[in-house]
Amino acid sequence: AQSVAQPEDQVNVAEGNPLTVKCTYSVSGNPYLFWYVQYPNRGLQFLLKYITGDNLVKGSYGFEAEFNKSQTSFHLKKPSALVSDSALYFCAVREPNQAGTALIFGKGTTLSVSS
Amino acid sequence: SQTIHQWPATLVQPVGSPLSLECTVEGTSNPNLYWYRQAAGRGLQLLFYSVGIGQISSEVPQNLSASRPQDRQFILSSKKLLLSDSGFYLCACDEEGGYTFGSGTRLTVV
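Which chain is which? The protein sequence lines are A and B, in order.
If you want this note's numbering, it's the position in the first sequence, counting the first as 1, plus 6.
If you want this note's numbering, it's the position in the second sequence, counting the first as 1, plus 29.
Next up, chain B with everything else stripped away, as it sits in the complex:
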């Protein structure tokens, strides 16, 4: 089965600073990958998904972007963070019809 690594686990960043969150996958090749944001410990909002290297689909227009430079690497970025970007960011990978999730990154923008 797949394993997803996300880092860092927690991050505190000032408003206007850049962001880079990384997700890597082990145990599979050519996975479909997803970035979700969870605000206030509740529902999951799909941000981006990727079906292959360089292929990114955006679900929500915002100041975040995603890239997939390698088959098993998925990066979430921002040039200038907003307070509203605070939340819990989860990376996920397709597995047997559902998902395997990473352990998440708690981002606090101050």
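For reference, chain A alone in the conformation it holds in the complex:
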């Protein structure tokens, strides 16, 4: 069965410093991987995805993630954090070629960027 783990409940970083939000996954075959961001009392917004191709994926708002098959990881990164990046971040996985199956989400990581 597919699963996603976000090992950190919270990540704290100072504005201007690089940030990393960790995600590992378990799925048979080559996965579809996603990052979403949620601001308070809002729906989730898409940041980026890995389907196939380059392992380094660039997304919205300067975020990027690297697909590492050997470590089954898909960590979210940004070179220089902004206070406005503070939000709840979700990693998600989907089995390949299964458009009718649901995304499985991690429990979320709260990112707090201090000025």
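Reference excerpt, derived from the structure (chain A facing chain B, CB under 8 Å, subset only): (1) Gly49; (2) Leu50; (3) Ala108.
Bear in mind the hints are in silico, worked out from the structure with no lab data behind them.
Computed from a prediction, not measured in an experiment: that's the story for all the values here.
Glycine included, C-beta positions come from ideal geometry on N, C-alpha and C.
Dock chain B against the given chain A, drawing on the hints supplied.
Structure of chain B alone, referenced to chain A:
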């Protein structure tokens, strides 16, 4: 791209009252649709998904139900709400391998 409309945005209901939350989709036809619940601002629990009119799959046994009366309409219902039904309910639609989400409904059962 698709747009998902959810209403109401917030709802306060007494225990034992009925519930109806509506989700409609624009910009696509025959979408796969999903209902998730988010408790305490954290993880997302899949409740129901639908691949077509009248086709509902339930992931979690509970006092909620879902219906899909039209291609782009997905309704979440309950006959009698429990305190534990409180949470943030999100509707989602397949798009390019991932999802587009609605803005959510905050349900508080009192």
